[in-house]
Amino acid sequence: MKKFLAALLVISVVLLTVSTSCKQKEEGTVKIGAIFAVTGGASFLGAPEARTAEMVVDEINAAGGINGKQIKLIIKDSAANPEKAISFTKQLIEEDKVVAIIGPSTSGETMQIKDLCESYKVPLVAAAAAEAIVDPVAGYVFKTPQKDSYVAKWIFETMQSMGIKRIGVVAANSGFGNAGKGQLEKYAPDFGIEILIAETYDRAATDLTALLTKLKAQNVDAVVNWSIVPAQSIVPKNMKQLGMDVPLFQSHGFGNIKYVEAAGEAAEGIIFPAGRLLIAEKLPDGHPQKENLVAYKSAYESKFGEDVSTFGGHAYDAIMLIVEAIKKADSLERTDIRNALESISGFPGTGGIFTFSPSDHNGLGMDSLEMLTVRNGQFDFLK
Amino acid sequence: MSGEQTLQYIFAGITVGSIYAFVAIGYNIIYNATGIINFAQGEFVMLGGMIAYTFSGFMPLLPAVVLAVLITSAVGSVIESVFIRRMRKTSVLGMIVVTIGISILLREAALYIWDEQIRALRFFTGSEISSVSILGARISPQVLWILGITTIIVAGLFLFFKFTLTGQAMRACSENLRAAKLCGIRTDSMVNLSFMLSAGIGALGGCVVSPLTQTHYAMGTDLAIKGFIVAILGGLGNAIAAVAAGLLLGLIESFSISILPMAYKDVISIIILLIILVVKPSGIFGSRQASSMKDY
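Those sequence lines, one after another, are chains A and B. Those letters in the first sequence? Residues 22 to 404, per the numbering used here, in order. Those letters in the second sequence? Residues 22 to 317, per the numbering used here, in order.
Only chain B is shown next, with the shape it has when bound in the complex (with noise of 0.2 Å):
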């Protein structure tokens, strides 16, 4: 194999590896707020990308973006004040089957409000046939976008997280909820918080995806698969993580394709998935500590 076409397949996993970032940063803000696994995150992705494309049509592409973002945001508030909070006293696995039939709901929806036909926003800079060149190997600059975003929003919440008042509390939601609450934090507020930024940042994942993807109803499902297998290998409940993982298993796939056949990618990618959780069961890079007092 030529540098080049080395280079090629890194590129190439990293355009697939930053999409099931994006997607597995959604999972890990809910999970670390509520201790929740939100299956519904495939298609907060999918509205994103549908509700960009609608208003794109009649306005530019950064409005439309920002739209789609509070729009899904304001959905994942609706869904966590609506169905989420009213079953606190489920387990969390009862809690979970429940996102299961929110995103069957979002995306019935979704196929009545719109129709079954895909759809694709248009790109950010360049179009369909533009591509960078670096050095030999060819890169669309989409996915320039896909990772600076994946990065901005990395940072922005590790920052978040670690320095600000309300990310310090909704982190202590998910260490403990009744004590976070006699410590005078308002959990209800922070747990719907959560599902709003998750909720928004799936959204945002769905726009900057969108042209080279497509967006279609039903593509939620195997976004949420792969984004919480990614979420897993990480180490549930850190972004970076969740980032760096995607990032490992883009690389794998697109590496075990050009040596085998390319049907055997997911059995590859769910191979190393085993052998990472019987190894290490918290993640590469999940601390164990943390991971033994978290109900998963």
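Okay, chain A solo, but in the shape it has when bound (with noise of 0.2 Å):
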């Protein structure tokens, strides 16, 4: 029993110093959570943004961290399972004891922690798209990527010019797919556009010619696919192989050119808005986004040995905007931090230059997207 106990009181001593020295360690770190779909159904999304997050910690860090401090990034995988994203959102807060998180990647996991993190007044700047992450506008929930309505807009004013009025809508079941339908059938009537028919399609489709044959027998003068997962590549090959030759509209979830390989000659002439990361190269010189667009897009490239996606992007962004409210705040209180994120202006990222108001925790505008289309198995602008 003696011995127990001392071994016991040896334990409890090693434990307490580990611990001490381990705090003592800390103070001297920024601490960011990051939530991301590394795995799973989503983790096109997740694992270039993970490995964005990273890159660029190790950069800053490197460069000596923000104020002499270095971050500490703690990332947990998500695999795109909301429950899992509310449990990690409580122990990046309560354990780790983070200032801000970055992520999720999914707009079903983002508006699950969007009153948690609202209620513990926790910054997160999310890398997922729908535009109810930020409207309404809660005070700590910001968001990188595009708003849903500005796809939607410049999709229709595209549909315009083309003069095409009546189309069919398919999207994923999911959070994105859903958002983006409801955006397309809200705008529509402003731009005298008819969507004779609207549609989801379970995530994990692999096959959608019937659907398609749906659509085809409404004689439809153009087709819009809103979605991130991979029936992207699905419909334009579904579509070319029942023989129809209307021209296909992407979402901004396209952005990524594996899609474009998986749909090889199908993909050509698809037309989607997006980021201008992925046609970086052909921004024309003195643009402001074009400095950090090719360095982001040159660093990914060669570290990781794969194309860059706009997804990753919106994790650069995300972690560059709360690195530059760090510095402006000058704080490591998480109201400080905030305010600081809210008072960001003219703040060039890969998504477009931000400039977040009280009203707007989006902060980019219609100028933010640009029309691409896919030509010689190439992003290219549309004009």
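Just so you know, not all the hints are guaranteed correct.
[Claimed, not checked] In silico EDC-like cross-links for lysine to aspartate or glutamate, where the CA-CA straight-line distance does not exceed 20 Å:
hint, chain 1, residue 1, chain 2, residue 2
1, A, LYS237, B, GLU25
2, A, LYS105, A, GLU116
3, A, LYS118, A, ASP351
4, A, LYS90, A, GLU80
5, A, LYS111, A, GLU354
6, A, LYS105, B, GLU25
7, A, LYS105, A, ASP79
8, A, LYS118, A, ASP98
9, A, LYS118, A, ASP357
10, A, LYS279, B, ASP136
11, A, LYS142, A, ASP357
12, A, LYS324, B, ASP136
Simulated from the structure, these hints should not be mistaken for lab results.
Mind assembling these two chains? They're in different frames, but the hints should get you there.
Given below as structure tokens:
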């Protein structure tokens, strides 16, 4: 018994010293949490996001950190599961005591933790796209991807100029897909465009011929597909196989060259709005975003040996905005960081030039997007 | 609905149905030899597609597919000898849980070896945009490949199980393992063969469907569930029934889309599965007598 007690004493003493030494070591660091869907069904978002965030943090730390403090990035893999996102958020806030959180990758998860971050008063900069994340505005919740409504408006404007009037809409049955479908239905009347048919499909769909047959029977002038899932490459293939020659528009979720590769020849001519990251080299010299975009793109591509996607760019913007806010606030208080975030203006990121305000927590304008198309297997300007 | 549209929906149903059938056939082979439902079947399909894609980068399509089938068969054989054989004493239910574990293992290994990106093997004939017109309706040539290869496999399996000594021995193992052993059948190698065969067929399926459905490390789970529904629907243990049930489910889904929003597609297929299980628990084509002798 004595031996046991002695052992217990030794263990507790060791544990105590370890924990205090940890604390001492961490006083000089800035802890930032990250929740990304690194694995699972949305891994094509989360994996490049996590890689980007790690890369950016390493670069900042190598250059001396923020205001002399090193950043400690704690990445959690939610596998696109909202329940996991909720428990990781709590863990990051309560146990890790992070000053801010970046992510999650998907809109569904972000909507689940929006109120949580608000009630804990922890700044959240989401890399997910749905407009509902910042509308209505929650004091502590920001997002970097361009608004859905801009995407819908860009698509409709392009349709107007092409003389398209009657369209069919297909969307993935996910937070992102449903939000996008809602935006399209909301703004179509403003542009004099009639949605003849709007359908959702399962995110794991492997063949959509039957659904597209239904659209074909309605004689639509164009098809809009709104999703982030691999079905983005299946829709164009199935359309071509059915002999549908109408133009295909996709959402900004198409910003990954892998989808073009997977769709092969069928991807030619797809029209979609996206940030300028995908065509960074083709931007005219002197464009305010060009320097940043090319720097991020070449750093990512040389480090990971894979093509950059807009999704990684959203994480890049999220971490850079938080770093900027911490520098500006010169404080590690969550409320100070939030206030500094909201006052950021004219900050060039990969998604556009961010200017936040109390009523706008996305900070990007219509001009943050560019209409792109696929030409010879490459992204290019539509015009 | 015009005749042309009806035909188009039929083609759409056949496309999806033949993909389901491919997975269901794999279930049946292992079930026939062991009575186990192998939930890692979807992962064999995924592995086939992934390996063939990797090899197709530096060799023609045919050897790439052959290599993918051989390597996946080897993986199936290793899984059997490392996990399944050592757990013979476990109940069948226990074994099924083991196969779920194996499926997770394979999925994570694939994520580690490759990455989270989607890949698509190139089309066997033509390309993404080519299609064959039959009576005004259009179908991708790849679907004809899927149907052709499914037919060959089903015919081959039928002949194998019915007429070859090895095939009969495999069936004997599923009837009664101990009796089969007493008759001098090497039950261990029969079970191993069934895993190899099933993994190989799954991999071949993964290669043929990859141009259409694309290959992703996590695609196996969804395929496994649909394939399982089809296998149950047809009556476990019968490859021809699996194909028929696969096509039936594909057609039902396709026509349900023509009248209802697509979001209801899976609800309809599950309702039909439930009705069939209540009315005829042994499956549409299964025999009641045979199923009463099985563990399930």
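Inset, instruction - Take the C-alpha atoms of A:LYS324 and B:ASP136, compute the straight-line distance between them, and say whether it is at most 20 Å. - result: 15 Å, holds
Legend entry - Hinted pair A:LYS237 and B:GLU25, Cα distance within 20 Å: 12 Å, holds
Legend entry - Pair hint A:LYS118 and A:ASP357, alpha-carbon separation not exceeding 20 Å: OK: A:LYS118 and A:ASP357 at ~15 Å, within 20 Å.
Inset, instruction - Decide if the proposed pair is consistent with the structure: A:LYS142 and A:ASP357, CA atoms, cutoff 20 Å inclusive. - result: The hint holds at about 11 Å.
Inset, instruction - Mind checking the alpha carbons of A:LYS279 and B:ASP136 for me, to see if they're no more than 20 Å apart? - result: Judged against 20 Å, a Cα distance of about 12 Å means the pair holds.
Legend entry - Pair hint outcome, A:LYS90 versus A:GLU80 [Cα-Cα no greater than 20 Å]: 13 Å, holds
Inset, instruction - For the pair supplied as a hint, A:LYS111 and A:GLU354, confirm whether the alpha-carbon distance does not exceed 20 Å. - result: 18 Å, holds
Legend entry - Straight-line alpha-carbon gap A:LYS105 to B:GLU25, limit 20 Å: Given that 20 Å is the threshold and the Cα spacing comes to 47 Å, the pair is violated.
Legend entry - Pairwise hint evaluation, A:ASP79 against A:LYS105, where the allowed Cα distance is 20 Å at most: Violated. A:LYS105 to A:ASP79 sits at ~26 Å, over the 20 Å cutoff.
Legend entry - Distance restraint between A:LYS118 and A:ASP98, which requires alpha-carbon spacing of 20 Å or less: The hint holds at about 18 Å.
Legend entry - Given pair status - A:ASP351, A:LYS118, alpha carbons within 20 Å: 18 Å, holds
Legend entry - Given hint A:GLU116 paired with A:LYS105 - CA-CA distance at most 20 Å: Given pair A:LYS105, A:GLU116 holds - Cα atoms ~15 Å apart, limit 20 Å.
Checked against the numbered hints given earlier, the structure breaks hints 6, 7 and satisfies all the rest.
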